Amino acid sequence: MLNKLQQLGAATIGTVQGLGRASLMLFGALWGRPRPVKSWPLYVKQFYVVGVLSLLIILVSGLFIGMVLALQGYTVLAKFGAEQMLGPLVALSLLRELGPVVTALLFAGRAGSALTAEIGLMKATEQLSSMEMMAVDPLRRIIAPRFWAGLICMPLLALIFNAVGILGGHLVGVDWLGVDGGGYWSAMQANVDFYDDVVNGIIKSTVFAFVVTVIALHKGFDAIPTSEGISQATTQTVVTASLAVLGFDFILTAVMFGG
Amino acid sequence: MTTRKLEIVVGAFVAIAIAALLLLALKVANTGVTGSDETYKLLAKFDNIGGLKVRSPVKVGGVVVGRVSDIQLDPESFQPVVTIEINASYSNFPETSSLAILTSGLLGEQYLGLQAGFVDETVTILKNGDYVENTKGAIVLEELIGQFLFNRGNS
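First to last, the sequence lines map onto chains A and B. The first sequence begins at 384 in this note's numbering and counts up by one. The second sequence begins at 96 in this note's numbering and counts up by one.
There may be inaccurate statements among the hints.
As the list claims (entries may be wrong) - If you want the footprint, here are the derived chain A segments under chain B, 3+ residues with CB under 8 Å:
id, segment
1, 428-439
2, 481-488
3, 564-572
4, 617-627
Think of the hints as simulated: they come from the structure by calculation, not from any bench. Only a predicted model underlies this, so the values are computations on that prediction, with no experimental measurement involved. Don't be surprised by glycine CBs; every beta carbon is placed ideally from N, CA and C.
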């Protein structure tokens with residue numbers, strides 16, 4: 384009984400300590416006078432690694448998810464003679480839910496794990512310590528560019544995902560299954576609201592971007608500096624970030640669309 | 096890769112993202128095509144508004160000319176008072192016009208149908224804040240069935 388209680392206490396303290404270290408890391412990385420000119424190449428490099436290199440997987444999965452949504456939705460809607468509602472179905476499910484969430488999950492797998500492994504290996508090979516020896520703050524030089532790159536790139540990737548998904552839905556629905564093309568767009572325009580749906584989706588994916596990037600950076604920065612520790616940290620990044628995204632998604636959906 | 100090349104690639108990435116946002120804003124959500132934002136308000140009392148909601152469209156012959164902006168209950172007559180905002184480019188409805196709550200399709204959303212009335216020397220044009228006197232409330236299915244049964248019982 385007492386042992387169980389102790390385990391619970393230890394787990395809680397561990398979680399809180401982890402959160403505290405993550406906040407300290409973020410604070411250390413973002414605090415202070417920004418030097419945009421001097422560190423510009425670092426930021427560009429991270430935008431390329433985090434954003435541009437994730438583009439392919441986002442484009443392909445967005446296209447296929449849009450096509451599958453149209454295909455699945457059509458079979459149900461056709462039973463009620465409501466094929467015209469295919470556009471709103473595809474657009475709303477992508478904008479509100481699938482775009483932000485699937486992008487975040489893919490991003491955690493594609494870019495998050497890479498960030499963790501990179502920073503973890505830097506720690507294991509003592510690159511971070513040697514930076515400190517040279518009076519270069521590793522938080523400012525390593526963490527900050529990666530944080531901003533993740534935070535800015537993911538909403539952009541989610542937007543691209545949404546747009547490609549809607550075009551994919553058009554491809555299957557209109558060009559293949561024969562839904563009226565004008566109806567696809569006009570029903571969509573009648574049912575999608577810019578602020579309620581598009582902007583809320585962007586807010587969602589910004590929150591996810593923050594969560595996923597901070598988890599990935601913190602797990603890497605906190606990794607046990609051995610090969611086993613890095614592999615553990617990378618796994619934890621993907622698992623924790625995915626679970627956090629799904630949890631936050633429920634809360635945000637309840638706040639935005641529940642009432 | 097040099098910084099310049101990286102910058103070009105990142106710039107292309109951001110440009111694609113902005114194009115996606117424009118597609119979503121203009122083609123999907125249709126924000127830019129709502130016409131001028133200038134509107135004027137009309138009020139109308141109904142017996143029953145059924146499923147009418149704020150932001151429901153106001154249509155003249157199927158063309159959307161405005162939207163419901165507010166629904167209140169009159170504290171004295173206990174009648175719903177609906178405020179509608181009509182696009183300022185349609186500003187010449189006579190006071191003999193009538194409003195009816197209609198349903199699009201069998202199970203569709205409810206909207207307000209505005210029917211323009213006749214014009215002669217004694218009829219004035221509706222201005223901001225005027226009441227539309229001639230209104231017809233929503234048809235409630237239960238009442239309709241009740242009436243039908245009642246009539247059958249009589250005959």
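Original post:
Going through the earlier hints one by one, which of them does the structure break, listed in rising order?
Top reply: 2 and 4
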